[in-house]
Amino acid sequence: MSDITHSLAEIVGEEYVSDREEEAYFYARDPGLMPAHKPDYVVVPETPEQVQEVVRLANREKIPIVPMGAGMALTGLIIPLKGGIVMDMKRMNRILEVNEKARYVIVEGGTSQGHLKAYLEKNYPRLRHSIPDSPATATIAANVMIHGQGRLTQQYGFNSDMVSGLEVVLASGDICKIGSCSISEDWFSKGAPMPDLSGLFLGWFGATGIITKLALKLYPRKKMRDVEIFITDRDDLIPDMVYELTHTEMVEDINIFSQPKPMIFKDNHHMTIFITGDTDEELEFKRKTVWRVLEPFIKSKDGGFMGVSPAMKPTLLEMPQRSVSRFADVTKGGGFEYSGPIILVEKYAECARKVTELAEKYDLGYSGMARIIGRGHCMMYGFAFTFNRADPDMMERTRKALHEVSKFALEVGGIFWKPTVNEQRMAIEKMDPNTRNLMGMIKENMDPNGIMNPGNWEVN
Amino acid sequence: MITLIWADNEKGPGLLEGVKMYALKFDENLCKTCPTGDCLVKCQYMNVDKDTAVDEMLKISRGEDSFVFNDCVTCYACEEYCRRGNHPFYLITEKREEKGLLTSPRAITKQWINIGEPQGKYRLGDVKEKVLSFGYMPEFLKWVRGKLFEDVMPSFIFGQEFFCNVVYIHFANTSIIKERLPMVMENFRKLGVKEVICMHDECYGSFAHLAPAYGIDVPFKPIHYFEYLYNRLKELSNEIRPLNIKAAYQRPCSARLCSDKHHYVADIMELIGVELVEREYQGENALCCGGIFNMCFGYDLASDVQKRNIDDMAGHGAEYCFFNCPACQGTLGTKVAKRGIKPVHIIDLCKMAIGEK
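Chains as they are written, first to last, in the numbering used here: chain A, 152 to 611; chain B, 23 to 379.
To be clear, the hints were calculated from the coordinates, so they are not data collected in a lab.
Being a predicted model, the structure only gives us computed values, none of them experimental.
Backbone N, C-alpha and C fix where the C-beta goes; we use that ideal spot for every residue, glycine too.
Incorrect hints may appear among the rest.
Label pairs and their computed distance ranges (CB to CB) [stated by the list, open to error]:
#1 A:His528 to B:Asp71: 51 to 57 angstroms
#2 A:Lys558 to B:Met175: 53 to 59 angstroms
#3 B:Met175 to A:Thr399: 45 to 51 angstroms
#4 B:Asp326 to A:Tyr270: 39 to 45 angstroms
#5 B:Glu306 to A:His398: 39 to 45 angstroms
Covered stretches of chain A (in silico footprint by chain B; criterion: 3 or more residues with CB under 8 angstroms from a CB of chain B, positions within the stretch not fixed) [what the hints assert, rightly or not]:
#6 438-449
#7 452-460
Kindly produce the complete structure, drawing on both the sequences and the hints.
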């Protein structure tokens, strides 16, 4: 056992540290396309104090440290690009407090989406959180760290907008509270009315600190939920349709997808519209309102509501939707990756045409999928491709397609979501120089030894 | 009973070459002398008197514009209302198609055409000379079980390769039917089946009437599953325990394409001890489930029709609503259940009577 391994074992216990090859192999990669790179050590802490001690050790020894949730981002954000320590947060999975009336929950930094969902359903059936469509093992901290989106994003914005407090271990090993919890016992705000320091951490992928606790806003869970699918062959009309739908303020979530397979989805764009209600009357009123605002498109024959059979509904209403994962294996061989720029809804048609063009050019299975963010302020448009992991040529074609997506996204005014290291570089290059300098100052001051997830957001 | 009258093409019936456009013959003289104008007078979605009905149908026949193109909701009922065999619905459909008038949004039409496209994903049971045709309705893979079907199962076929495609008359697209139906027949021919029990009205209507009228040779004897169920129940009569329930029947639009088989509904209910409630929207006066209305025309029409229909069931004391078409059941099942009426397919009702449910 090396000295470092021994020191880590003293902090977290021997069972929770490893420098073995089999662990290194596993922690060297994520399910996406980025090249693997092995860590030297894997450590699984249980408490914020253990996280502090590990970070202090890393800082002292100048060893890179990469925090990891479930590793589901697909863009290589948890791959230890410069080796060092991967800190797997999964043991820190406790739900610490629910404030029912103020509608927030405080969880540890490794708590999974599925754990919180199950906990709320059992103990607080009138509350819910904005669950993303990633597998249930994905962690809440990692999701807000990448500015993820979820079922309530159309109403309340990015999931990171729903954070109401953070506890973070800095590169120095100091523990720092962000938001109202820095002054009060209560975790109701991540900033306002004070300076909002959460921006020093959210979106940085662990390059400025490691989240050990966070508070997340919760929202009313209605007793009933239903789904309608409006379909159109006019991609150019999608922004108008979204505008009308969001104007109703009746919709829980709006997802849009287009894909060539199965045949039921060929040729059209599908707006999946979710509604909720506590009574049949409420649900029906919302349904009627949604139908009415789209009626002009029905009359002009530009779109219509497809029949959603009772057999289809459970799949569509599932949270998270496992059908998203099933898409990952459309091309047998289990490879799936997407680039999901955040972009204006009015760019929908350009995006939809681009994903088709690239799929044809590189002969790949594809899906275009959009999630509306905050009443149509923008959307995440996912350019998703499937590939066979046993087919190196197909993997290379997928990489090329995704690279073209990256260039396209920047050209049409988009911003990368959970960008790969290459995309981060492209974004930094295009960024306003003063913004870039500010980011550089922040990074340099918060992580002077460059140990925090190095390779990511390396502005300088 | 409807007797289909069709115009032969130049080469005579049965000599289809590729995608032939066999036109239905609409006899203007027959229409001019119609004493009732029932096709449109009885229509539940238009308010038309006899003279207007005749005038509009003649205008349509002559290729002129008519408000009927806009107001017809594709419920097929006029095919049954017309007792003179003049096929008003097919005329409206063919003329809509000629004029490029869409009944539904383009995306919906495309979707349905895509769904029905053969993809080589059909499923065959142990196919014998007598076979059950599930068309492209997966529900039957679960429902068609037990004693009722044990003398035929597991001889079944399922998939787009055996799909009758008649649904496209809802979308004013008979071309796709004429294009695909010969291929469907060829697929049946390859299986060497002699008798096909059709689990859906459209399949039966297509194989028994439409295909021959289009000049497409049907290489087997089509049997409506109502007829099969009735005969099978009689064979199992010793095992029937009358259900002693009151039920409403949701008659589907497609039943208008084989109204000669409608009597089996009452016959079967009598055998299994079900009282068919005497309600307003039954038989010829049946209302659509609203599924097509939703897709083609929006919320209000579908909502109004569904409400009147379910109110009528509830108002006449129906404990059960039984379905013939799985699509109707999918559309209306939850809604009737919310009114305290149990939704059930007719097959399941029959299974209940022989103690299988």
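Quiz item: Broken hints, numbered, in rising order?
Solution: Result: no hint breaks.
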